[in-house]
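These protein sequences, in sequence, are chains X and L.
Our numbering numbers the first residue of the first sequence as 1 and each following residue consecutively.
Our numbering numbers the first residue of the second sequence as 1 and each following residue consecutively.
Don't take each hint at face value.
[As the list claims (entries may be wrong)] Quick partial rundown of chain X residues pointing at chain L, CB under 10 Å, derived from the structure:
id, residue
1, Leu34
2, Arg76
3, His154
4, Val162
[Stated by the list, open to error] Not the full set, but computed from the structure, chain L residues with beta-carbon under 7 Å of chain X:
id, residue
5, Pro111
6, Gly131
7, Thr137
8, Thr177
9, Val181
10, Met261
Since the hints were derived computationally from the structure, they do not count as laboratory data.
In this text the structure is predicted, and so the values were computed from the model without any measurement.
Glycine residues also receive a C-beta, built at the ideal position from the N, C-alpha and C atoms.
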Amino acid sequence: MSNKTILRYTANQRTNHWLVAILFICAALSGLALFHPALFWLSHLFGGGPWTRILHPFMGVLMFVFFLGLVISFWRANFFIANDRVWLRRIDRVMRNEEESVPPVGKYNAGQKLLFWTLLACMLVLLLSGLVIWRVYFSHYFGISSIRLASLLHALAAFVLVLCIIVHIYAGIWIKGSVSAMLHGWVSRAWARKHHELWYREVTRDETPASRVSKKG
Amino acid sequence: MASQDIIARSATTTPSPSVREQEQVAKLIDTTKCIGCKACQVACAEWNELRDEVGHNHGTYDNPADLSSETWTLMRFTEYENDAGNLEWLIRKDGCMHCDDPGCLKACPSPGAIIKHANGIVDFNQDHCIGCGYCITGCPFNIPRISQKDHKAYKCTLCSDRVAVGLEPACVKTCPTGAIVFGSKEDMKEHAAERIVDLQSRGFEHAGLYDPDGVGGTHVMYVLHHADKPSLYAGLPDQPVISPLVGLWKGVSKPLALLAMGAAVLAGFFHYVRIGPNRVEEDEHPSAPDTSVHEVDPAVHVYDPHKPGPQGDQRP
Chain X
1 MSNKTILRYT ANQRTNHWLV AILFICAALS GLALFHPALF WLSHLFGGGP
51 WTRILHPFMG VLMFVFFLGL VISFWRANFF IANDRVWLRR IDRVMRNEEE
101 SVPPVGKYNA GQKLLFWTLL ACMLVLLLSG LVIWRVYFSH YFGISSIRLA
151 SLLHALAAFV LVLCIIVHIY AGIWIKGSVS AMLHGWVSRA WARKHHELWY
201 REVTRDETPA SRVSKKG
Chain L
1 MASQDIIARS ATTTPSPSVR EQEQVAKLID TTKCIGCKAC QVACAEWNEL
51 RDEVGHNHGT YDNPADLSSE TWTLMRFTEY ENDAGNLEWL IRKDGCMHCD
101 DPGCLKACPS PGAIIKHANG IVDFNQDHCI GCGYCITGCP FNIPRISQKD
151 HKAYKCTLCS DRVAVGLEPA CVKTCPTGAI VFGSKEDMKE HAAERIVDLQ
201 SRGFEHAGLY DPDGVGGTHV MYVLHHADKP SLYAGLPDQP VISPLVGLWK
251 GVSKPLALLA MGAAVLAGFF HYVRIGPNRV EEDEHPSAPD TSVHEVDPAV
301 HVYDPHKPGP QGDQRP
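The shape of chain L in the complex, shown without the other chains (with noise of 0.2 Å):
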C-alpha cells in the first residue's frame, strides 16, 4: 500500500499523512457456519510461506497448540454444554483483530515498527522491530509472537499484500463454507445484521456482532451465536480495552515525565546562576598557612616544614 496511506505509525507523535479517504475494510468470520477445517489455516501458511514445526497432540483439536511468530490464524476448539445440557462445539478462527485502537501501536517503542493502513490494516513492519515485545504487553487480543529465530515480532497482516491490490486474504478465498467474508466494513456489518437476524428466528436469541467498542471497534469482527458471553470462545475477552497499565505506562506519563527531567536539569542550572557554587575557603588557597589544624600526620603524607612537632587538636 501507498505511503500516503499509513495513517498512524509506532512512536511517532506528529500527524501521519491523512489526506487521502479510503474505504474501512473488515474480515467478518462467522463462527455459526465455521466447521473447523483449517483450510483457513493452510492458506494462510500458504499465501505467507510460513511452514511451523509440526508440534504434539494437547490432547484438543488445537493444532498446532497455539498462534506463534509461524502460525498467524489458528481455529480454537471449544466443548461448551450449554443451559439445555447439550454440547455445541464452539469454533473460532483466532488471529489479528486489527483494532481501530491497537494497543500493540500504541506500546510499540520502536518509530514505524507497526502502521495501520487507512483501510484499517495494522502492518508490523520487521525491518523496523527491536523484538523488545512490548507490543505482546500492548495486546488486548494476545496475539503478537517474537520469532525465536530473528527476535522480531509476527501476526496475521490481514493480507495487506493481496488487500492493497484488490484480492481478498488468503484465508477467505479458502473458506469452503462462507464463514469467512471480506469487504468494506460497512458491508460485512450489513451482512452480519441479517446473519443474526437468521440465527435469532432460529433460537440462538444472543446472537450477535463482535465489534469491540473498548478499542475503537475492529477490523476483524465475528459472528457469535453467544454474543453475551464471548468469552465461551476460548477466552475471547468480553470488553477487551487496552490495559489501563499500559495506558498508564505509554500515555500521558511519559512526555511529564520527560518534562520534569529537563525541569530538574534546568532547576539546577539556575540554582547554580543565582546562588552559586559552595567553596570551602581555605581551599582556594592551598599554600596559605592554616593555623586552625596542624598538617603533620604520617598517615597521609604530608608534611608541613613550618609546622614541626605535634599541635593540640583543634577540634571545634
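Chain X extracted, bound-state conformation (with noise of 0.2 Å):
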C-alpha cells in the first residue's frame, strides 16, 4: 500500500512535460552536434550532419509549443513571494541537506522558480534567434549582421539552457521522490511538509473527511 497521497502532478501535466524532456533530449544533442566539432559525432544519432540539420529546428520548436504548455499550468505557482528571498539566502543550508532553519515555500522553491523564468527566457531566446538562423526558410528575410548576433545569441541561450537542466536533472536525482513526482504524480504527506510546507498546508487546509486533494498550485 502506498503512502503516497498527495497528487503533484495531474496526467496530463506529466505527459506534457515528459514531451517537453524527450524534445529537449533530442534539441540538446543535435545542437550540441553543431555547438563544438568535439561534439559532431552525435549528429550520427539523428542519421548524419545533414538530417541533423533538417531536424534540430523541428525539434526546437515542437519543445518550445510544448513548453508553452508547461508555462500555461505552471506560471502562476512561480510568483516569487516573501520566503522565497529567505530561502535564497540559505541556499547553503538547503544544499548541505540542513533545513531546518530553511523557512517553508510553496509548491516550488526559489530555485525551482529562478530555474522556471530562466527557462522561460532561454525558449523565448532560442525560439526568435533559431528562426533568424533557419537558412531553409527564414534567413533570407534577415541582414547578415541580424543573422550573426542571433547565432550568438542562439549559442548563449543554448548553454545557459542546458547548464539549467543538468542543475534540474541533478536536483531530481539529489531530492528523493520528486521523480516519481513528475512519473506518477502522487507525493507522500511527509515530503509535501519537507519540501513545500505552504503548499502543504494549502491542499490540506479545508481537509475534512469528505475534502478533495487539491490540485491547486
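Taking the hints as your guide, dock the two standalone chains into a single complex.
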C-alpha cells in the first residue's frame, strides 16, 4: 500500500513535462553536435550531419510549443513570495540537506522558480534567434548582422538552458521523491511537508473527511 | 590536390598536415584593365559545368543580379561620379577572395566540409556539407550560397582542379585584356606594384593593391584605382575582418562553455558523493503507521484500516 496521498502533477501535466523533456534531449543533442567539433559525432544519432541540420529546428519549435503548455500550467505557482528571498539567502543550508532553519516554501522553492523563469527566457531567445538562423525558410528575411547576432544568442541561450537542465536533472536525483512525483504524480504527506510546507498546508487546509486533495498550485 | 596539402580543415581541433612547403598562389584582378565583357563569367560556367537560370534585368549591367550556387563569379558595375564631375565606370569581378584566415572555415560546424590547401586555395567539400549556412554567416565578403536544389554551399574554387595540374583558373585563361592574372602570390604582388606605379603616374594617385590584412591577406587580390575607398566598387569591404560576433560565437567561448557543462555534471556528482541524497524519513518505511497525519481521504482512495474515522488535522 502506498503512502503517497497527495497529487502533485496530473496525468496531463506529467505527459506534457515528459514530451518537453524528450524533445529537449533531441534538440540538445543535435544542437550540441553543431556546437563544438568534439561533439559532432552526436549527429550520427540523427542520421548524419544534414539530417541533424534538418531535424534540429523542428524539434526545437515543437519543444517550445509544448513548453508553453507547462508555462500555462505552472506560471501562477512561480511568482516569488517573501519567504523565497530568505530561502535563497540560506541556499547553502539547503545544499547541505540542513533544512531545519530554512523557511517553508510553496509548491515551488525559489530555485525552482528561478529555473522556471530562466527556462522561459532561454526558450524565447532560442525560438526567435533560431528562426533567424533557420536558413531554409527564414534567413533570407534578415540581414547578415542580425544572423550573426542570432547565431551568437542562440548558442548562448542554449548553453544557459543546458546548464539549467543539468541542475534540474541533478535536483531530481538529489531530492528523492521528486522524480516519482513527475512519473506517477503522487507524493507523500511527509514529502510535501518537508519540501513544500506552504503548499502542503494549502492542499490540506480545508481537509475534512469528505474533502478533496486540491490540485491547486 | 593531395590530401597532405590540406593545411586547414573546418571543425577540426588538431593540427592538419603541414610538413610540405608549397608556394602560395594568388589571382590578381586589375579593375583598371577590366572592360566588363563577362568572358570570365562564361568561362567559369563552362569549366565548372554550371548553367544558372536566366533571370531578369534589374536596370544594371549586372547579369545575373547576384552570385548564386550556380554563379560563382560575377561582374559588378558601379557608376561613380568623381570629384571632377566625371563619370567613372568601376567594374569589379566579384567572387570568393580565398582569405588566408577564412571566416567560412572558422564558422563551419562540419569536419572537413571546408578546407584550405597549402597553396592558399579555400575549397568547399560538398560531400561533407550539411547545408547549415554558417559559412555565409562567417564570410566577410558575402560569397557562399546555398543551393535550393541540394542544400549544399557553393562558391568559387579558384579552379583548384585546374591549379592542381598546373593550369591557371578558367577566368584567367579567358580574360581578353589580361586584367586577370594568376601565379605565385609574390609574383602577383610584384606585378600589381608595377601596375600601381603606372596608374599613379597617370593621375590615379590613390591607386593601390587590395590584399586586406584583416583576413590575413587574400589569395584573390584587386588592383583598384581608388584603393583608399574600396567600398566604391559595389560595396567591397573597406576593412574586412571576421565579424567580432562570429569570433565570439566560434572562438574561445565554445570550449569554455563545453567545460562549464562538464563541470556542472561533475559538481552534481560530487555533491551526491559528499552530501548525499535528500530523503524523507517516513518515505523509507511506507508501511509504518504515520500518526502525524490522518490517512483517510476518499478523493485519493487510500484507506488505512488501523485509523478509522476522521482525525484532527495536524498541520504544523
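### Query
Against chain L, with CB atoms and a cut of 10 Å, does the hint on Arg76 (chain X) hold up?
violated, 22 Å
### Query
Holds or violated: Gly131 (chain L) as interface residue toward chain X, Cβ cutoff 7 Å?
holds, 6 Å
### Message
So, as I understand it, the hint says Met261 (chain L) touches chain X; can you test that by seeing if any CB pair is closer than 7 Å?
### Response
holds, 6 Å
### Query
Does the nearest C-beta of chain X fall within a distance shorter than 7 Å of the C-beta of Pro111 (chain L)?
holds, 6 Å
### Task
Classify the hint on Leu34 (chain X) as holds or violated, based on whether any CB of chain L lies nearer than 10 Å to its CB.
holds, 4 Å
### Query
When the nearest CB of chain L is found for His154 (chain X), is that gap smaller than 10 Å?
holds, 9 Å
### Query
Is the interface hint for Thr177 (chain L) satisfied, with its Cβ closer than 7 Å to some Cβ of chain X?
Where the cut-off is 7 Å and the nearest Cβ of chain X is about 33 Å from Thr177 (chain L), the hint is violated.
### Task
Closer than 7 Å between Cβ atoms is the bar; does Val181 (chain L) clear it against chain X? Give me holds or violated.
Status violated, d = 31 Å.
#### Entry: Status of the hint placing Val162 (chain X) at chain L (closest C-beta pair under 10 Å)
Check passed: Cβ of Val162 (chain X) comes within 6 Å of chain L, closer than 10 Å.
### Query
Are Thr137 (chain L) and chain X close enough, Cβ to Cβ, to be under 7 Å, as the hint says?
Hint on Thr137 (chain L): holds, closest Cβ of chain X at ~5 Å, below 7 Å.
Hints 2, 8 and 9 from the earlier list are contradicted by this structure; the remaining hints agree with it.
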